[in-house]
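Engineer: Going down the list, the protein sequences come from chains A and B. Quick note, the first sequence lines up with residues 1 to 688 if you use this note's numbering. Quick note, the second sequence lines up with residues 689 to 1301 if you use this note's numbering.
Quick caveat, the hints were computed from the structure, so don't treat them as lab data. Built from N, CA and C at the ideal position, the CB exists for glycine as well. Please note that a few of the clues may not be correct.
What the hints assert, rightly or not - In the DSS-like style, the derived pairs of lysine-lysine whose C-alpha atoms are separated by at most 27 Å in a straight line are:
| id | chain 1 | residue 1 | chain 2 | residue 2 |
| --- | --- | --- | --- | --- |
| 1 | A | LYS163 | A | LYS133 |
| 2 | A | LYS449 | B | LYS928 |
| 3 | B | LYS883 | A | LYS419 |
| 4 | B | LYS799 | B | LYS900 |
| 5 | B | LYS912 | B | LYS928 |
| 6 | A | LYS215 | A | LYS269 |
| 7 | B | LYS900 | B | LYS883 |
| 8 | A | LYS217 | A | LYS163 |
| 9 | B | LYS900 | A | LYS449 |
Unchecked claim - Computed spacing ranges between beta-carbons, pair by pair:
| id | chain 1 | residue 1 | chain 2 | residue 2 | range |
| --- | --- | --- | --- | --- | --- |
| 10 | A | GLU429 | B | ALA733 | 57 to 67 Å |
| 11 | A | GLU586 | B | ALA759 | 31 to 41 Å |
| 12 | B | ALA740 | A | GLU574 | 24 to 34 Å |
| 13 | A | GLU427 | B | ARG725 | 51 to 61 Å |
| 14 | B | THR755 | A | MET483 | 23 to 33 Å |
| 15 | B | GLU1000 | A | MET483 | 31 to 41 Å |
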Amino acid sequence: MEGLHHFEVVWGNNQMPVLIFGGSGDSLRQVYANDRAKALSVRRGELQAAERMDASEADMPQGELSALSAPDGEVSVPVGADGAASVSAAADGDMPGPDLFGILSPKEALDLRNAVLSADGQGGPHFCHVKGKVYSAVLFDWEAYRVCLLQDVSRYYQDVRQKLDDAILANRAKTNFLSEISHDIRTPMNAIIGMTDIALMQKEMPARVAECLSKIKIASGHMMSLLNEVLDMSRIESGRVILNPERLDVADLLHEVLIVARPQADAAKLRFGFRLGRMDRECVMADGVRIRQICLNLLSNAVKFTPAGGHVELFLEVREAEKPGKVWMEIRVKDSGIGMSREFMNRLFTPFEREQTVTVSKIQGTGLGMAITKSLAELMDGTVEVESRQGEGTQFRICLLLDAAEDNAALYRQALEGKRALFLCAEEEQSALLAGMLDRLGMETVCVKNEEQAVYEINDAFFSDAPFFAFLTAEQVDGVEMMQFLPEIRRRMGREFPMLMLSEGDWSQIEYMLTRSGVDAFIPLPLFFGRLAEGLYAFTPEGRLAQNAEKRQEKWDFAGRRILLVEDNEINREIATELLSVSGVEIETAGDGAQAVERFSSVKPYYYDLVLMDIQMPVMDGLEATRRIRGLDRPDARVTPIVAMTANAFVEDVQRSRDAGMDEHLSKPLDMDQVFACLNRFLGRVRA
Amino acid sequence: MKAYQEAYLKNLQQALDLTDLSAGVPEDIRLFIEERRSRTEMVRALVAENTALLRENLFPELDDIATADEADVAMLAEFAARLHPGEKQLDVVLAYMIHNALLAYARRWNKRDMLIRELYQTGLSLFYMQNLIQQSRRRLYYWKMSLLFGEAASYIRQYDEIEDVQTRGYIHRSMANLALAYDWSSDEEAARKLKAMRTSMRTLTDPVYREKTPDLPWDTFLYKSHQEFTTAISYLHTGKGDARLVREVMESAAYVWERQLENSRKNGTKPHIRWQMEYDMAQYYCGILTLTELLRRMEAAYMERDPESYSERGLFHNVFLVALYAGYAAHEEDILQKKEQVLSYMYRMLVRYVRSAPVTQLDSSLTRHLITVVMNFVEYPDGISLKDFLMRLVTCRAPDNYVFFRMTGDVAARIMRYAVRHVPEELVGICGCASPEQVREREEELAAFAYEDGLLHDVGSLMFTQMTAHYARSWTEEEHRMYASHVYVGQRMLARCASTAPHAQTAFGHHRSYDGSAGYPEEYSRQANENQAVTDIVSAAAYLNRLMDDASPFQRTPLSLDEAIDKAYQEAGKTLSPVFARLLPGMRRELAEYFADGREKAYEQAFAMLKGE
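Bound-form chain B, shown alone (with noise of 0.2 Å):
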């Protein structure tokens, strides 16, 4: 590689460990906040180096791609891999532009082995792109992944003409990865994944290609592809599928659970409880297990688990079996209502877990699994509520985080009382508030609910911590776009419960801007929102706090308060709403009150909630 290349990912490396705060609980919150302000002045130094590395090197190269020379290309193939090994993303964006550029390369060089092995990769970096943003539901990448990996599969008609292995690897790769484009949201992509993931497993059997490319892991080959069939399990849990999915997903469970038996007798390990897990469920659409005999299983399965693993088998088993257990569970009232004891102590377990994590910091794959918990959350009346079990989430994961959401809810309490009481009229509809009489007179119940939803709006960006903490670098477009996702996780994820409900208009509509003329999402609908003005007051609160946040590396320089309310007062009628922007000059004291030492005590309360105060 480059001396740019390198130097680009030790900075992503060194930025990675500033942002990791050692386990525990700091002891002076102050000393913290100092710390926490001197790295993340280290990683902006990092960004900015980071940045100008790829400005001055990298996007040289891709200009002139054309013209490369092979050793500047396989360089720069080395480099995209490194910036995506295996699962692990450090920066999945940039090594899907190196691969975008590569592919046009090989296009324009008619070079078809690598336009192969390229269709492939960058097919890869959209498929780890679409699942930061799989939660939002947005379909941003599947129809480019369908294209590149349908163009490498195409190949297979040149099968012959084909000598090289790895080349011939990567069309049968394509051809599974086919199904990745597509998911089981309805029956039509149900249809479609199914239709390729059979193509793929035909030609996987069929003898005649094992004759021909007889080095190819083919085994391996097949047993990821048993491993995708069995996904058709959540379409199979919303009620759908035919029997011969059933056959289907029952045999590949069973294919993926014998090959793990059969290692771990060689191995001597535990097989993976995921697994084990498939094939219980797989049994219990073949109708050879009830509900409660698979509800027993997973029980017992999560009575197994290490508490202290923070590995993948670990999250799995200590998280995402909780989000697998609520979801089976809720296929039934009864059952749930049975249930209840069982998911609450899970629920207790697991934010033990999550707060013992040796890293403050998250890490993706458990991000993912908690997420899935969140989507699969069931709310008891006497029970851990989604709102607090998401505040100790997110306290546990991203401090940082918490502290932004407290402020904001602190803030927009605060514009609230003060529009209480000087324009209570732009306050009647919230809340079920007939008059400015009846405004005024639940004053208290105003502030407490504007705290709220300012608490949670960002909720959908525990998502993105990864991207937002740890990406030393400007962001380009494309990550602004995925970013844009947040609200509609945020929105996803409190809809669901009574308790956060209320909420998922806000996390839905927080950057929209007034006028509708910028910001997004662009279906989101003042109309649509009965609780317009909460919203509205939530988002002047964040975009205050925005301003004057020092946490984020990728922030300008913070402004000072003065500068922020100016700024917002400029913002009336467009970015922010009139009414409450032009409010904020007049609460100049009682904010700068409030900031004095708001971010401290954020930071108290997000630690006091750590030690499990």
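Here chain A stands alone, though its shape is the one from the complex (with noise of 0.2 Å):
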């Protein structure tokens, strides 16, 4: 045949043989397109020879490259003990000739044999480098063999390298711009999201105004997370991303997504679940950062493309890896979401790919956040998979490589071994999960599922003379009145013992209530070892002398409050003002409810930010003090929050108080940490 100089066969994947020719472009170009049966019918004769010989050389190892016979007589490849293979042909042009496979090395003729291997199935054209030159290989199936055509592409492929590397060049500069505007325009972005914040903190605003504001937050915020996620990107594929590996603590990485994503799905009306897997270890050295980003994106991705009804789970695990002092940290995103199809999982990475969808379409986002997430997993050793069927929903599986760090635990042990604890909770899950994780501490877990059975075992203690070092609480237990009963343990066991609380919510928003109640702490569930044992080592001489004294002392911070206390009894203000006055709030006194109508109307608006009220006052009581300074005519009169100082009282009373206009009630004597934790929750707090 015309033009086909040289043939090899060596055994592809599925011990089909291949023949390798090589040829010039034409006489290939002839072959492949018009003329390859024919062609190669040629070669039977010669093909059945080279079988032949194959099979003498039945001990060979598969898939070496084999000595055949060239057409022209030339060809002889012998192959050496050391596998080597030498193979002459003539050459003809931009053939592969004597002086492609006669001078290969061992490595050389292997590496070809792999690119043709590697091409095997694959479709084309691939490309082998040979001693400088660029051959194509396309591969096709003839008759029992699958044949492959070796053409030199060398000079067209310099010049398709020249215009790739202009590309790129092109690409880089492209996305160093974009990384630099990203940037520049982040700036103002700032300033128009805060000054958008304060100017919704003013008063009295038209409504009108309030509303366009409002709008402004919403619609600059969707803005610069646009611009946080092409700067990302830019950043990653200009090679400036650089992981910054510190100790993280998986609860500390957890709490922090947790508190994003549930609002999220709540907003969403999704259900969200949550499942901790193995924790082999709870600290790792990784990017905290880059982590809470891969979940958060993957999160809200999840979220997004959920309908409402649906849920959302995320899955968290740590185990050790088979290398020591390596672990892998899982993540997985599962959702019942709409799903993608398969044609857009192939593009699901790439970078401003979204799927056209009717419903897609109506998200809003870049794209960009699944290339992200796939460049910092990559980033970080890892691997992305995912799953997702049409209108099933998806997952997501994160496996990262990660370093593991050395972790208190030992510290705690020190401080906590032989100690005892209570812990009231109706779940015996959770009540094994946590004696369990005590008991690694060497302490011991008395478990308890109602306020009876905890008074009990509090009486059984001290008569056993085998105190508790604290006591523990789910947030909620059936048939327990907490706001009853954590008080009265509080008095019960004095100010120093420790009472912490399990909690799944953001305790931002109960801490108040229970802080009130007695609680000194809150360990957030999904409860884990370290923070278990950290928040009861806190309380021990160890722990305590490990923090800081003054701020503990300075704990509530009111600096540039200041507040109008109302109170006849001059031994009572006194008391109330010095003990309020650590948490440097300004006080200002009245000694009747006259008084205090007089000193409110007198200063200009909003120059109170709360008014402690007692009730029972001569001259004017603190109701009837209320009723006047809620009726004055002024834009604080009804907003400025009034809380009333009283005993225990009528149902009646407690209810006139509110009609009078009060919105707190706090019992008397005072107790400081609950008049400061109701201050707080008018006032906010600065926690020092």
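Using the supplied hints, reconstruct the complex from the two chains, each of which is provided in its own coordinate frame.
Structural biologist: See the structure below:
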């Protein structure tokens, strides 16, 4: 056959012999396009000879470049003991000739074979680099053979390569531009967002203006997130993202993810589930910011693409890897959303790609989230897998290979070993989990299911001289009125006794109520050993020493706030003033209701942030004073919080104070923790 | 005590006198109603006065308890003691509030002896509050009692540092009273109660403590502890308890009984029948007596009663012993059948005894005993039904309550008839009616059922008659919480016998609002009540009736019928079922006719029953 000068046989992946031909461009094109059966049939006899030879070389390793006869009788391919092949063939134009096969080193021969085999069944063209030249390999099946045609395309390849390099440089310039412009736009965007917030805080704003500002706030927030994504992607593409591995507490990570993701799911009316897998290590060395970004990207996508009523689930696991000192962190996000087409899944991680469906086009986004996620995962030696079915949902699974970090378990154990804890919780699984963790600390746990059992154990501990070190409680226990029970435990056990609550929610929302009830600290759920141990350790002598004593003293900071304390009893007034002043709050006093009304009327609006009002007072009682303040014609008359200070009273008295316009009720004698918690509710708090 | 404290107590006593009616049946019902009305007005004035006294004097004192001087604190302590002297509970909730404040004072100023005393006193107030709601099986105050007694008892570790003998006494009492914070309702509770009793007993018999504080009444402490130990009989009665417990109970019962005999020999009085019975029951659980022999001894003891004695012993003999007898007879079905005549006789005598009581208002221990009888009531096919028995008791002990029940029943029956005619489809499903046609066919039966439902719906409130009739002041949140227990008691009372069981759901659910947003109990389920429409009708009738009731000193000014109907109509879909509340305006004329003399007739009926007619 004209133009075909050489062929080789190797064994394909499926043990189908592969014939490798070299030839000129035209002859190859002709063979491939028009006449290949005919051309190849000429070689049938030779092929058969080759097969016979092959059979005689049955002990030769499969897939080795085998010796073949050449059409011109010029080929001899002795295979040495080292597997080296030497092939010679007549040279002809751009076809591989003796220059090619004759000079292949064993490694080059192996590379060529691998290149051909890797092209086998993958479609073409594929390029083989040999001795500074580039050959394209095209494969097709012929009878019982697979045929591989090699063509020297060095010149064409160089041209294309040059164009590609030019394109890459241009793209890099674009990426740099995007990165810089995104960064520059963020600065004024920050100002827009900040100023909008300030404007929104203004009182007595026309409704229309408030509405416009709210819309600006939403739109600018959205724009900011788009900018951030573009910036991230451009940084990743330009290789400017450098991971910053630090000691990362998995519990912290999870907590930060959940406090963002849960409200998002709630707002979208989705059920949000969380599962914690094995937790071989709770501390790892990793870039927490980036891992959180991965989690939130996945979760916000899941929320976006799941219709109301569906569910989103997060799974997290940290397990020991095979390599010592390494762990696998596995993050799974599963949803019951709209899913993806197979076609789109192939482009899922390509920047700016979004599925083009009616549902998706209504959802805002850059199409960068998944590309960023994948890039970040790969930066962390991780993998991303995705399973999805249209209409049924999607699951992303990300595995990151991280370094394990040392934890403080030994320190905690040293301080807590031998101590006893009482745990009030009706759920056996939770009780067992907590007891198991405390057991790791060398602690004994007594689990109780209701307040009667709890009190019994407290009494019993006193009598048996085995006091409890701490009281832990679930946030809610069926049949237990926590707001009544916890203060009693606090009174009974004293101010120093640690009382901790396990809480699933964002405890800043319930902190006011529960600190008022005597709870010292919260342990977030899901329960982590490290968090629990750290929470308890803080109350040991060692833990207390480690804390800054001043900070504990200055727990509440209301500096810059001003309250009016209305109290007729001079000693009470002095005590309250002294105790309140440690928080930095400015206190002005009035001796009766009439004075309070006069004082309130005479100052400029919003002068007082809150009024603490005694009820029983001479001249004018607290109820009347409140009514009068509420009736004043000034902007703050109805909104300034007024808090009653009374003892237990009749139901109608409490109601009367509310009817008079009071916002809250504090029992006397004043418990300063309760007072501060109350002030915190109305004035906001800054923890020193 | 301060003047306002004296005045409060005086008003309290005056209110008691005004609500206590003389024995016997009035000749002229109209005069009786008039007098009742004028007394109610006087009590209303006392309620207002006492409420003001507390609001203007006591609460400011409690407000500023931290800065109170010692004289004020001492007067408060005395005032609290007068509010519930011993087992008499004039105003136990107020006493509790004061003790609680004194406790805060003691903690604030680190007054250890006072703290121990107030822990004990506050715990004891809670014990009496828990006692009031005991039959509801609600456990509102147990844990707090346990906490308070437990804290006081824990000072035993500082025993030697405490010099005051009384304070040491409070430590021992608290240790013993810790057992009061548990009951015999479950094995777990029983184990705790036993542990508390055994620990206390060990301390009381420890010669070291006696040596350290020889002036304490050790024998009394020990005697009372043995008495408490005999309460384990109720646990043995349920088939629980091991040999050790049986032995301990036997020893305690014998100890108490021997002391009783010794005292009676010394004083020339008869020993208390209660401790003889406890001793006999302990012997039964030891296998010394058979059930037949135990019952025979109870019968013999019963025949020795004084039917005119209303002392604490007389009450036990005439009332509690009947409950005890029924409870043991019910141990074996054969014996229960054989004892039909004996029990029927006892029930008849009991009604007569209650009817002849010197005052028509209720004494708390009599109420407790009567409710124990109800809770152990045995209904024989030809004997007195629980329903009749209950009505006789209510009439005898609280005629005003009976009038309210009766009028609610009457109005409920009228609403039912009206509903059968106008909205029969809404009644399908009740009492097994499968269609509106069946509803129409069974109008009489449904009206009778509604009447009885109304009559019985509030029997649980019998337990709180003292609170509703005698508390000469506004209620606190705590009292509302306690009073809510009456629906649990009512349900328990009615559910145990065939004649009353169909009405138990209404007793439980009549205070729960239709839309579930308010009222109590929260665990009441409309779906679980197959006769919910009847409960809705009774709730509407009771609501109307309450708005118009002029017998309670705590009600606001009674409304006219038109006003009451308008208010009920406004509650359609909220407090009341919209179906039945919206029927009321159409019934104005019919109801006006009924209310013209309905109250009078109900009183007539009550006094006819009192006469035994």
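Engineer: Now tell me, hint by hint, if it's right for this structure.
Structural biologist: Verification of the hints:
no. : hint                             : verdict
1   : LYS163/A - LYS133/A              : holds (18 Å)
2   : LYS449/A - LYS928/B              : holds (23 Å)
3   : LYS883/B - LYS419/A              : holds (24 Å)
4   : LYS799/B - LYS900/B              : holds (22 Å)
5   : LYS912/B - LYS928/B              : holds (23 Å)
6   : LYS215/A - LYS269/A              : holds (22 Å)
7   : LYS900/B - LYS883/B              : holds (24 Å)
8   : LYS217/A - LYS163/A              : violated (45 Å)
9   : LYS900/B - LYS449/A              : violated (39 Å)
10  : GLU429/A - ALA733/B: 57 to 67 Å  : holds (59 Å)
11  : GLU586/A - ALA759/B: 31 to 41 Å  : holds (37 Å)
12  : ALA740/B - GLU574/A: 24 to 34 Å  : holds (30 Å)
13  : GLU427/A - ARG725/B: 51 to 61 Å  : holds (56 Å)
14  : THR755/B - MET483/A: 23 to 33 Å  : holds (26 Å)
15  : GLU1000/B - MET483/A: 31 to 41 Å : holds (40 Å)
The earlier numbered hints that this structure contradicts are 8, 9.
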